[in-house]
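Using the sequences and the hints given, assemble the complete structure.
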Amino acid sequence: MQDELINKVMQEVMKRVGSGSSGTANPKEGGGSQQRSRPDLVQVTEFVGLGLGDTQGIVIANVDPSIHKLMGINERYRSIGVIGGRVGAGPQIMAADEAVKATNTEILAVEMPRDCKGGAGHGNLILFGAEDVSDARRAVEVTLEVLPKYFGDVYANDQGHLELQYTARASRCLSHVFKTPEGRAFGLILGAPAVIGVLMIDTAVKAADVEVVGYASPAKGTSLTNEVMIWVTGDSGAVRQAVVAGREVGIKLLSAWGQEAKPVTQPYI
Amino acid sequence: MQDELINKVMQEVMKRVGSGSSGTANPKEGGGSQQRSRPDLVQVTEFVGLGLGDTQGIVIANVDPSIHKLMGINERYRSIGVIGGRVGAGPQIMAADEAVKATNTEILAVEMPRDCKGGAGHGNLILFGAEDVSDARRAVEVTLEVLPKYFGDVYANDQGHLELQYTARASRCLSHVFKTPEGRAFGLILGAPAVIGVLMIDTAVKAADVEVVGYASPAKGTSLTNEVMIWVTGDSGAVRQAVVAGREVGIKLLSAWGQEAKPVTQPYI
Amino acid sequence: MQDELINKVMQEVMKRVGSGSSGTANPKEGGGSQQRSRPDLVQVTEFVGLGLGDTQGIVIANVDPSIHKLMGINERYRSIGVIGGRVGAGPQIMAADEAVKATNTEILAVEMPRDCKGGAGHGNLILFGAEDVSDARRAVEVTLEVLPKYFGDVYANDQGHLELQYTARASRCLSHVFKTPEGRAFGLILGAPAVIGVLMIDTAVKAADVEVVGYASPAKGTSLTNEVMIWVTGDSGAVRQAVVAGREVGIKLLSAWGQEAKPVTQPYI
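Heads up: the protein sequence lines correspond to chains A, B and C, in order. At position 235 of the first sequence (counting the first as 1) the number is 235 in this note's numbering, and the numbers step up by one without a gap. At position 200 of the second sequence (counting the first as 1) the number is 200 in this note's numbering, and the numbers step up by one without a gap. At position 128 of the third sequence (counting the first as 1) the number is 128 in this note's numbering, and the numbers step up by one without a gap.
It is worth saying that the hints were derived from the structure and are not from the lab. Be aware that one or more of the hints could be misleading.
No copy labels: a pair is met if it fits in one copy or bridges any two.
With a straight-line cut-off of 27 Å between C-alpha atoms, the simulated DSS-like cross-links for lysine-lysine are [as the list claims (entries may be wrong)]: (1) LYS69 <-> LYS252; (2) LYS179 <-> LYS69; (3) LYS69 <-> LYS206; (4) LYS220 <-> LYS179; (5) LYS262 <-> LYS252; (6) LYS206 <-> LYS101.
This is the structure:
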């Protein structure tokens, strides 16, 4: 009876303090995991849906001309789809990359605040432009549908996180953000706190013959996050090998404090 | 008996983890809500008082010359009043705007760190300059007195927040921060995560004929917050209409994850 | 029996939400306090150890040439030691300053993300360069060994923190970061939220005849932290006096909300 009582109290308490309480990058502890994905309950025409990491998607059929100007959006894009969330940038960017492949949209902007609800990384804001609202809506829907996959190799605990991403063919969102060549393999190797990332990137480049496209650290190329990362291209097998090598050492370092470094969804790489 | 026991445990736990535990912008969960506002207990001459959002106010009668130089303060301002807090920038700025209307002080500086104790917005640091210490002290007192009003249309939950502000006549603090014309109406429409703000600002400008003075987003004009906002002027009725329209759609989007978007104090717009 | 049950539940809950739950700078509530410092359990050659503030240290014997280039590391430094943590910059910098005094290493880089796991300050990333891996390893070991001392005059609660540091002889890490003269006394006086720091620095310079080397605030010289600070040099007795005066008023202001401002370890100044 005591155990049952303890569990009951635990549930009540976790309901109250569960969201974002551990100041980590773990989107499971944010609103996303409690999402009652009932778009019909949100009586806003523009609302499309929700996703992990306290992510939300909307679509605006006819953007006001003054908003076009303020946001620097080319007027030919009558409609915009918008994805934004508190936790993560990489997963949403990878998901949006699939979405632009699948729809007649362009990436207008990707902005990355310092966020993660006390965690070490970024939040995100992604704008799709379309001439037709159904294209914009479809891009947002696809992004939200595939988003869980790209949290698969995000590992998080109270001390920090790792992010690994891989695709055999980068598209327009990845090239927009990372200046990585479209149509070629892309890999992201990232660790937080930044010290973990330093060993991950050194391990990654030693594991396979990849071409480093870019590097970012707290003082360079991030929004002051506590992360070090590289992104690479090259032969798809080599890129995957580099990512896997970075992941392996990253998991060991992130677990060093004694807490398991758990993937947010299912590892896909 | 079980319910009573559960409540007792809940209370003990919330006492321990309640402050800032949900990584939100909600100042009620910060130290501000537990404030024992007993200035007589803080045996520091310069201490003036406390406010929501972990805000504190002090006054320095005779600022050291080296501090004048370091902080870029004109030496004619012998005395300074200082307001600063962990959660919010807008509420403290609106309150300080009332304070400069009511006192013989100038706004010397307004700085906005990335803060909110894990939430999506800013913290604040506001400097009033005065030639007489009693003016500086009065400015800080007025700011702290009126501050709760300006948290009235701040809505917060675990996923994000909204901020709406309105005044029929902007004064020197608002013009300092937002470059909005003094003596005219001012409205602020802001949503976090930023995706929510995008729909709020489009809705706002469509609702009424207002003049957009400025815009900010994670990558532009904020301290890397996960917010999108506009501020507007124009006919006071139109400004209010735009703010109300933004608020209405913002509340619906912020509630989409299933948690109520509650005003921190009493809505005033 | 009820008390015992309540305690049991409290323990289970705090285990779940305890880490970083209060969004403060207090490293005791982070993984650091739960560290099972068992380097032998972390089966990574490069892993050296753990420290307060979710700090980790690693060493890389032979840095890959592409990483040398990406990180801007002079190639003569074949080996690097890396310290990085989620909470604090000052303590790790002071500890690294001792480490460079004690070893044949150079400071290659110090980067400060906006972190503290929801708290008001910085995180850290420090790179030591060495021609020999044993020097790099020793520098990281010394940093981790002495780190607790430099959390001694860090005071934290849910509303903010103070940081005081003092040394009679600054070395290469302090000069790298703060441009303070090597071989001379160094003092750091810092308060968060920033309003507290404003009174601390004014009090400090009035207390003793010191030479202010630098100043930082949310908008200037920090990573958008909610802090105001100065660092000073001069006669070691005067520097100590200034630091002590700043600490005394800072503790009173930080306690104003009713929560004790507790030192993280043992005050050493």
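Enumerate the violated hints, using their earlier numbering and listing them in ascending order.
6
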